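Kindly generate the complete structure, drawing on both the sequences and the hints.
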Amino acid sequence: MELSKLPDSLSFGKKPDTRPVQVEFDRRSMYYTMTANHFHSEYELYYLFTGERYYFIKDRNYTILAGDLVLIDSEEVHKTANRNDLIHERIVLYYQPAFFAALPAEERELLLSVFRRDYPVLRLNLQERLTVEGLLLSLLEELMEKPPGFSLRVEQIGAELLVLTARILLKKEAVAAEVPSPSQLKLTEIVRYINTHYNEPLDLEGLSARFFISKSHLSRTFKEFTGFGFSEYLTLTRIKEAQQMLRGSTQTITEISEAAGFDNFSHFGKTFKKASGMSPRQYRAIHQNGKTNGG
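So for the sequence shown, numbering that gives the first Met the number 0 puts the first residue at 0; every next one is plus one.
Straight line, CA to CA, 25 Å or less: simulated SDA-like cross-link-like pairs of lysine to any residue:
hint	residue 1	residue 2
1	K239	S278
2	K185	G228
3	K272	T251
4	K239	L217
5	K13	L134
6	K185	E231
7	K170	Q155
8	K14	Q281
9	K185	V76
10	K4	T49
11	K57	L123
What follows is a set of in silico ranges between Cβ atoms, one per label pair, in the way DEER data are often shown:
hint	residue 1	residue 2	range
12	T195	E1	41 to 49 Å
13	K14	R280	16 to 24 Å
14	S112	L184	23 to 31 Å
Because the hints were derived from the structure by calculation, they are not lab data.
These figures come from a predicted structure and were not determined experimentally.
Glycine residues also receive a C-beta, built at the ideal position from the N, C-alpha and C atoms.
Set out below in structure tokens:
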């Protein structure tokens, strides 16, 4: 299967019949930046066939080139944006947590290890790239032709990709991280501060004073660095933390709203529903086996 023979978009495994491994292939020739759902419970394997992208993950911005694998942990904030070339072709595999839960412990830890590295970008050598692309093109051929058993084959290839990636990482030293500029280091420091002080009153004026950077410069460079506006990122971080508390704590929803940094319960409810597609109470019911706590 040649990449050029594929349609501009292919997908597999999405709702309503969610599969353990989901796939998205896209060929884009115009400006594109992610606009929604910037974190999710699935583990994500991203491969760039052609073009260049910026990828913000957790608290750093990475340059992604053709042939790079990006491996994103569950619930990790991330966002892609254009770099130099608007034209790019990429494939994303989303692995449901249930995919790993069904495996024996040793195999589960091996596959999950690829998503739990300090540096989430794997720059492949030519031999590794040809092997990875061979698997991915086989997967896309299955989606194009849909032979009997293609769904199972897609999931098998998804597992094979993770095994291959884990073995590559075990054989080679970690890819040398790009040396960040002083400006990038400053912004990483700011993002990390937000990530640990999300439950406190935060605004651009206060951060600019704390980090000795003008408010206008901070606003502009924060957007360039992360792909998010400051308020958008702060809200996203607070919602992410609220989701974790709703899944794992016995606090009331009102208490969680306050602990996540929201000073208005009504605003929390509206913002949470917009980001999550459901109310905090519904979210808790789903993730705590239908048992809700008052709020």
